[in-house]
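Enquirer: These are the residues of each chain, in order.
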Amino acid sequence: MSGVAFDITSLVAQTGYPEPMSVLTLNHYLFVSAAMFALGLIGFLTRRNLIIMFLCTEMMFQAAGIALIAASRFWLNHTGQSFVIFVLTVAAAEAALALALVVLLFRKRESLDAEQWSEMSG
Amino acid sequence: MGEAISPFVLYAAIALGAIGVWMALPRRGVNPQVLGAIVGAAAVGLVLLGLGLRAGASDASHLPNIYFYVFAAIALGACLRVITHQKPVYAALYFILAILASAGLYLILSAEFMAFALIIIYAGAILITYLFVIMLATQAPSEERTEALSEYDATAREPLLATGVGFTLLAVLTSMLFTGSASLPDSEAVVAGRNGDEVLADLPSRVEEALVEAGLMGEGQTIARDADGQALIDPVARTASVETGGEIVEIAWPAGLAARNVESLAYDFLNRHPGTIEIAGIILLMAMLGAVVLSRRQVEIDEEAKAHQSRHLSVEDPA
Numbered sequence: 391m392s393g394v395a396f397d398i399t400s401l402v403a404q405t406g407y408p409e410p411m412s413v414l415t416l417n418h419y420l421f422v423s424a425a426m427f428a429l430g431l432i433g434f435l436t437r438r439n440l441i442i443m444f445l446c447t448e449m450m451f452q453a454a455g456i457a458l459i460a461a462s463r464f465w466l467n468h469t470g471q472s473f474v475i476f477v478l479t480v481a482a483a484e485a486a487l488a489l490a491l492v493v494l495l496f497r498k499r500e501s502l503d504a505e506q507w508s509e510m511s512g
Numbered sequence: 025m026g027e028a029i030s031p032f033v034l035y036a037a038i039a040l041g042a043i044g045v046w047m048a049l050p051r052r053g054v055n056p057q058v059l060g061a062i063v064g065a066a067a068v069g070l071v072l073l074g075l076g077l078r079a080g081a082s083d084a085s086h087l088p089n090i091y092f093y094v095f096a097a098i099a100l101g102a103c104l105r106v107i108t109h110q111k112p113v114y115a116a117l118y119f120i121l122a123i124l125a126s127a128g129l130y131l132i133l134s135a136e137f138m139a140f141a142l143i144i145i146y147a148g149a150i151l152i153t154y155l156f157v158i159m160l161a162t163q164a165p166s167e168e169r170t171e172a173l174s175e176y177d178a179t180a181r182e183p184l185l186a187t188g189v190g191f192t193l194l195a196v197l198t199s200m201l202f203t204g205s206a207s208l209p210d211s212e213a214v215v216a217g218r219n220g221d222e223v224l225a226d227l228p229s230r231v232e233e234a235l236v237e238a239g240l241m242g243e244g245q246t247i248a249r250d251a252d253g254q255a256l257i258d259p260v261a262r263t264a265s266v267e268t269g270g271e272i273v274e275i276a277w278p279a280g281l282a283a284r285n286v287e288s289l290a291y292d293f294l295n296r297h298p299g300t301i302e303i304a305g306i307i308l309l310m311a312m313l314g315a316v317v318l319s320r321r322q323v324e325i326d327e328e329a330k331a332h333q334s335r336h337l338s339v340e341d342p343a
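Residue numbers (the numbering used here), protein chains in the order written: chain Z, 391 to 512; chain U, 25 to 343.
For the record, the hints were derived by calculation from the structure and aren't laboratory data. Any given hint might turn out to be false.
[Said to hold, decoys possible] If we take Cβ atoms under 10 Å as the criterion, some of the chain Z residues that face chain U in the derived model are:
| hint | residue |
| --- | --- |
| 1 | F427 |
| 2 | L440 |
| 3 | G455 |
| 4 | G470 |
| 5 | A483 |
| 6 | A486 |
| 7 | V492 |
[To be verified] Only part of the chain Z face toward chain U is listed, based on derived beta-carbon distances under 8 Å:
| hint | residue |
| --- | --- |
| 8 | T415 |
| 9 | L431 |
| 10 | G433 |
| 11 | T436 |
| 12 | C446 |
| 13 | M450 |
| 14 | I459 |
| 15 | V477 |
| 16 | T479 |
| 17 | A485 |
C-beta atoms are modelled at their ideal positions from N, C-alpha and C, and glycine is treated no differently.
All chains should be built: construct the whole structure from the sequences, respecting the hints.
Expert: Quick look at the structure:
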């Protein structure tokens, strides 16, 4: 992968294995992934809106996906990409259940505030 | 191979990022969101500059594609907006932007199938569900609640503590990732150890197609197959066997014959993880059932209505 030249056709209509990727390039992607994960964690901890809290867990899934794809690219191995498909599956299942729960909780208290349910902490 | 970035620069940038995110988190009164975003962007830029200088010093080809910086900036900026925006609808829309930027990163990493699957599944399906639920579960401003913004959206909970925890995790993660990646093998060694074209043995018609296109195979000739129906090719010696009227001839590997990304992905996905696919299907089914059960509305019927209903049914029923 060259530094500046970018040819979209070489990516989309790519045949065969791409050029090997350096560890130093891999580090860039891993940093973006880690930063996105940390932002998702902070969002999950600070936001009080239930929907945004679950949105932040999706963000953490996304960060894991970037790390998996980058590792898959580094090793020239497609297992990482297969795992991202499973991550997407789990994210979809989680979104369906979490949103059903949010709707249920909203009906009970007429509010999306997570603090409304603080008695559950015991 | 030395360290990817000086630990001092890394930790300074992470502390700077923590200050930026803390400033950008929503609160009442003075809300220095723009300043916080600028400080956070400076922190990310510092780390990427440090990584880039190290990569560029060894070889310019070790730098990531220029579009990496564009997509990474959009993705992290949109993620910051998701966790700092006070209105949930805007947070969800910014998350779609983050997904699109991640799809761009996937594309640079030559995972084009996953990039488009990500856009279709995440931006197209999951986020639309989120938007629907935001619309379902938001109170309209009424007479006693004139304020459109709820208290729980306007202020963050424990911003200082959460930012500290999040960025401590980031510091630990990045320093471990960079130490660990330094001990990874050289990329040339990774390539030498593998050959992705074995996949083609299971795709005889693809090999035939490439052979015909290259003009190496004419009428009455087919690619030779073994007892299992696999194409007789040798990905190491780069030869293919062609059958002509019962005779098998080995010919050179044609130009343009290589496993495509989607073919390799499908091969890996279906051959190596068949059980996992079944489990994923069960998880999805259970999630769907669970969502239906959780969100159904309990209809309250009093005793009289129940008696009326049963009388009504017993008259209707001829048995």
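Enquirer: A separate judgement is required for each hint: does it hold in the structure or not?
Expert: To see whether the hints hold, each was checked on the structure:
no. : hint : in the structure
1   : F427 : 7 Å, holds
2   : L440 : 8 Å, holds
3   : G455 : 7 Å, holds
4   : G470 : 8 Å, holds
5   : A483 : 4 Å, holds
6   : A486 : 4 Å, holds
7   : V492 : 6 Å, holds
8   : T415 : 5 Å, holds
9   : L431 : 5 Å, holds
10  : G433 : 3 Å, holds
11  : T436 : 4 Å, holds
12  : C446 : 6 Å, holds
13  : M450 : 10 Å, violated
14  : I459 : 5 Å, holds
15  : V477 : 10 Å, violated
16  : T479 : 4 Å, holds
17  : A485 : 5 Å, holds
Checked against the numbered hints given earlier, the structure breaks hints 13, 15 and satisfies all the rest.
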